[in-house]
Every structure is written in structure tokens, then in C-alpha cells.
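Residue 36 is where the sequence shown starts when you use the numbering used here, and the numbers rise one by one after that.
Please keep in mind that the hints were generated in silico from the structure rather than gathered at the bench. For every residue, glycine included, the Cβ atom is placed at its ideal position computed from N, Cα and C. Be a bit skeptical, because a hint or two may be false.
[Stated by the list, open to error] What follows is a set of in silico ranges between Cβ atoms, one per label pair, in the way DEER data are often shown:
| id | residue 1 | residue 2 | range |
| --- | --- | --- | --- |
| 1 | Trp-147 | Glu-79 | 29 to 35 Å |
| 2 | Gly-101 | His-140 | 34 to 40 Å |
| 3 | Gln-53 | Trp-144 | 41 to 47 Å |
| 4 | Asp-108 | Leu-128 | 18 to 24 Å |
| 5 | Gln-71 | Thr-131 | 21 to 27 Å |
| 6 | Asp-81 | Leu-141 | 21 to 27 Å |
| 7 | Gln-146 | His-100 | 38 to 44 Å |
| 8 | Pro-67 | Arg-126 | 33 to 39 Å |
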Amino acid sequence: MWALTADADFLAQRGQGQVEQVFARAVNIALPARQQLLTLLCEEYDNAPNSCRLALTHFDDLFRHGDKVQFDDQGITVGQHLHIEMSRCRRWLSPTLQMTAVNFHLIAWQQWHDIIH
36 MWALTADADF LAQRGQGQVE QVFARAVNIA LPARQQLLTL LCEEYDNAPN
86 SCRLALTHFD DLFRHGDKVQ FDDQGITVGQ HLHIEMSRCR RWLSPTLQMT
136 AVNFHLIAWQ QWHDIIH
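Let the sequences and hints guide you as you build the complete structure.
Below you can see the structure in the form of C-alpha cells.
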């Protein structure tokens with residue numbers, strides 16, 4: 036199993052965690068020592084902070100709640116039989132958002148006011 040893209044924080048992870056939640060196309064991994072949640076995503080999903088996209092279209096029957104997860108220099112090991120190879124994983128950079136005065140004035144503030152009230 037190959038990792039496609041991940042952000043720098045995800046790529047730097049070392050240590051242990053466990054599978055916290057399993058969905059058809061996303062898996063959350065809890066790292067109790069850091070009080071952090073990381074996410075594995077299927078390839079069709081967009082990149083996101085603290086996540087890694089895998090070269091898979093679904094996660095059916097691959098992960099189970101409570102599976103132990105080990106992060107090390109060779110990749111990620113999940114349970115007894117699953118290994119995610121990280122050597123070809125490309126680093127994803129979160130886009131930098133900039134709010135200019137022009138963009139600020141383009142926001143439909145009245146519409147938001149009407150929705151809120």
C-alpha cells in the first residue's frame with residue numbers, strides 16, 4: 036500500500052497510536068501521547084492538514100477500530116499485516132490564504148447577516 040501525499044506534520048510522525056474511527060474512505064488514527072488525531076484518506080479526497088492520501092479507492096475491511104498503529108522511518112504499520120510505504124509520498128503544502136482589502140469588500144456581509152439572524 037502506497038502513500039501519495041501528506042503534509043509535513045504527518046510525514047514527521049513517529050511513535051504509536053491506534054485506529055479510532057473507520058469509514059469507507061477515511062480512517063482516523065488517535066495518538067494519545069500527543070492528544071492528536073491523524074487521518075488516512077482515499078486517493079480521490081482532497082489533501083488536508085494532519086492527513087495522508089493513499090493509493091486506494093476505498094478502505095473496506097482493511098482497518099479495524101483499535102488496531103495498533105506504528106509510525107517509523109520505514110512507513111506506517113497497522114495491526115499485524117498492513118504496511119503503508121511512505122518512501123514515494125510527496126509533501127503537500129497547505130495553501131496560504133490572504134485576505135486583501137479588495138477581497139474583504141467582496142464578501143456578501145448582508146447575506147451573512149440575514150442568514151445568522
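Violations among the numbered hints: 2, 8
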